[in-house]
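Engineer: Protein chains in written order, with numbering that gives the first Met the number 0: chain A, 0 to 164; chain B, 0 to 164.
For the record, the hints were derived by calculation from the structure and aren't laboratory data.
Glycine included, every Cβ here is placed at the ideal spot set by N, Cα and C.
Please note: incorrect hints may appear among the correct ones.
[Claimed, not checked] Pair ranges (Cβ atoms, derived):
| hint | chain 1 | residue 1 | chain 2 | residue 2 | range |
| --- | --- | --- | --- | --- | --- |
| 1 | A | 65 | B | 100 | 27 to 33 Å |
| 2 | B | 29 | A | 37 | 46 to 52 Å |
| 3 | A | 74 | B | 129 | 45 to 51 Å |
| 4 | A | 28 | B | 55 | 57 to 63 Å |
[What the hints assert, rightly or not] With the Cβ distance kept under 7 Å, some of the chain B side facing chain A (calculated, not the full set):
| hint | residue |
| --- | --- |
| 5 | 1 |
| 6 | 2 |
| 7 | 80 |
| 8 | 85 |
| 9 | 86 |
| 10 | 88 |
| 11 | 91 |
| 12 | 92 |
| 13 | 107 |
| 14 | 108 |
| 15 | 114 |
| 16 | 115 |
| 17 | 118 |
| 18 | 122 |
| 19 | 126 |
| 20 | 164 |
2 protein chains.
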Amino acid sequence: MKISQKGLYALQAMMMLARHHNQGAIRIRDIAYEEVLPEKFLELILLELKNARMVDSVRGAKGGYQLRRPPSEIRLSEIIRLVDGPLAPFGDAEQLRSLIDRDASHRSLYKVFLQVRDAAAKILESTTLADIIGYESVEPRRRKKKKHEASRVLPMVAHSGAKND
Amino acid sequence: MKISQKGLYALQAMMMLARHHNQGAIRIRDIAYEEVLPEKFLELILLELKNARMVDSVRGAKGGYQLRRPPSEIRLSEIIRLVDGPLAPFGDAEQLRSLIDRDASHRSLYKVFLQVRDAAAKILESTTLADIIGYESVEPRRRKKKKHEASRVLPMVAHSGAKND
DNA sequence: ATAAACTCTAGTATATAGATAGGGTTTATG
DNA sequence: CATAAACCCTATCTATATACTAGAGTTTAT
Numbered sequence: 000m001k002i003s004q005k006g007l008y009a010l011q012a013m014m015m016l017a018r019h020h021n022q023g024a025i026r027i028r029d030i031a032y033e034e035v036l037p038e039k040f041l042e043l044i045l046l047e048l049k050n051a052r053m054v055d056s057v058r059g060a061k062g063g064y065q066l067r068r069p070p071s072e073i074r075l076s077e078i079i080r081l082v083d084g085p086l087a088p089f090g091d092a093e094q095l096r097s098l099i100d101r102d103a104s105h106r107s108l109y110k111v112f113l114q115v116r117d118a119a120a121k122i123l124e125s126t127t128l129a130d131i132i133g134y135e136s137v138e139p140r141r142r143k144k145k146k147h148e149a150s151r152v153l154p155m156v157a158h159s160g161a162k163n164d
Numbered sequence: 000m001k002i003s004q005k006g007l008y009a010l011q012a013m014m015m016l017a018r019h020h021n022q023g024a025i026r027i028r029d030i031a032y033e034e035v036l037p038e039k040f041l042e043l044i045l046l047e048l049k050n051a052r053m054v055d056s057v058r059g060a061k062g063g064y065q066l067r068r069p070p071s072e073i074r075l076s077e078i079i080r081l082v083d084g085p086l087a088p089f090g091d092a093e094q095l096r097s098l099i100d101r102d103a104s105h106r107s108l109y110k111v112f113l114q115v116r117d118a119a120a121k122i123l124e125s126t127t128l129a130d131i132i133g134y135e136s137v138e139p140r141r142r143k144k145k146k147h148e149a150s151r152v153l154p155m156v157a158h159s160g161a162k163n164d
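Make a model of the complete structure from these sequences and hints.
Structural biologist: This is the structure:
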């Protein structure tokens, strides 16, 4: 899975709308300004998000966009899948499972691909917009922090390999 | 990270060479035939693998390619990074760490990207060619096949709101 | 000498990415 | 009810990447 510039814009726009949740409709122009995104391109992205029923639009003067569900119910995986396609590094999960069943000589390779996909899915399906917005939202209820996802303030600099990619 | 067709070809070629390790130089033609890959395209890929010192070539008549190191010392991550670039879903690990340090308003988002990258790296850096040519020997886990999803003729299906990615 | 085989530089067709342009439609508001 | 604000929608454009193909050049076994 590759997250494109467009995918990043979509995530940023959704984060912005999450920060302004239940403040009514937000204009494209304001999203573009606050997140520093190309306005006309953002328009297309928001249209796509609307057609996917992740946001609602209000047309006409005083119009704009707003989240259709609370930030805590919008997973990063939804946004990424919509804009950039499957989370699998090759094909999609169903294709991989099919190849694992049918292609004996590359079975183990496809199993590894599926492992990678599952690892990504696990992270992106369990992270919501509420988890990643700095917040101070007008949301009535506070977000509860789960113990096992301790707030890591420092960057994870000590990871597996020494490589940068 | 996205694995391209070319990346898949590279992995398949390396798996073939691993299966024939220390059987001397293998001709491009034989790799292409056994793995069913376009010969001239494969030629370019092998050249790239050679320049990256992952394989050795023997020129002239009776020439061919062979692995430079034993299969157990060649990680899938090396091959993928060479052909398809960084494992991170966006940018590379160094860029992400820099963004985490500098871009306060998107810090948490980039942290998630880095988590995804680390998860992929963990898998791909710990899996070697020896692990995946194993001929059912090293079976990490069995996939159980459901009967109703048995035969499928894999269409390259466009992604929509599917659950399969 | 010759043919087998890798080496290397180009070229090509198609798709995707990342936008921009502009007219159409809807709606608040005075 | 006129008008401007704002979303809606289709079209177009440029650059780059992807997935190959072609062919001349070089090396080496026999």
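Engineer: Hint by hint, note whether the structure agrees.
Structural biologist: Evaluation of the provided hints:
1. For the pair residue 65 of chain A and residue 100 of chain B, the beta carbons lie near 32 Å from each other, so the given range of 27 to 33 Å is met.
2. Distance hint check: the CB atoms of residue 29 of chain B and residue 37 of chain A are about 50 Å apart, consistent with the given range 46 to 52 Å.
3. Separation of residue 74 of chain A from residue 129 of chain B is about 37 Å and departs from the stated range, judged on CB atoms against 45 to 51 Å.
4. In this structure the supplied range 57 to 63 Å holds for residue 28 of chain A paired with residue 55 of chain B, their Cβ-Cβ distance being about 59 Å.
5. Hint status for residue 1 of chain B: holds, given a least beta-carbon distance of 4 Å to chain A, under 7 Å.
6. Using the Cβ-Cβ criterion of 7 Å, the hint placing residue 2 of chain B at the interface with chain A is satisfied: the shortest such distance is roughly 4 Å.
7. Here the hint on residue 80 of chain B is kept, as its CB sits about 6 Å from the closest CB of chain A, short of 7 Å.
8. Hint status for residue 85 of chain B: holds, given a least beta-carbon distance of 3 Å to chain A, under 7 Å.
9. Residue-level restraint check for residue 86 of chain B holds (minimum Cβ-Cβ distance to chain A is 5 Å; threshold 7 Å).
10. Below 7 Å, beta-carbon pairs count as interface contacts, and residue 88 of chain B has one with chain A at about 5 Å; its hint therefore holds.
11. Checking residue 91 of chain B against chain A: minimum C-beta separation of about 4 Å stays under 7 Å; hint holds.
12. For the restraint placing residue 92 of chain B at the interface with chain A, the shortest Cβ-Cβ distance is roughly 5 Å, inside the 7 Å limit, so the hint holds.
13. Taking 7 Å as the C-beta cut-off, the interface hint given for residue 107 of chain B holds, the closest approach to chain A being about 4 Å.
14. Below 7 Å, beta-carbon pairs count as interface contacts, and residue 108 of chain B has one with chain A at about 5 Å; its hint therefore holds.
15. A hinted interface residue such as residue 114 of chain B counts as satisfied when its beta carbon comes closer than 7 Å to some beta carbon of chain A; here the least separation is about 5 Å, so the hint holds.
16. Because the beta carbon of residue 115 of chain B sits about 5 Å from the nearest beta carbon in chain A, less than 7 Å, this interface hint is met.
17. Restraint check, residue 118 of chain B versus chain A: the minimum CB separation of about 4 Å is within 7 Å; hint holds.
18. The beta carbon of residue 122 of chain B is positioned within 7 Å of a beta carbon in chain A (closest approach about 5 Å), and the interface hint is therefore held.
19. Proximity of residue 126 of chain B to chain A holds as hinted, the smallest CB-CB distance being about 5 Å (cut-off 7 Å).
20. About 3 Å separates the beta-carbon of residue 164 of chain B from the nearest beta-carbon of chain A, less than 7 Å, and the hint is met.
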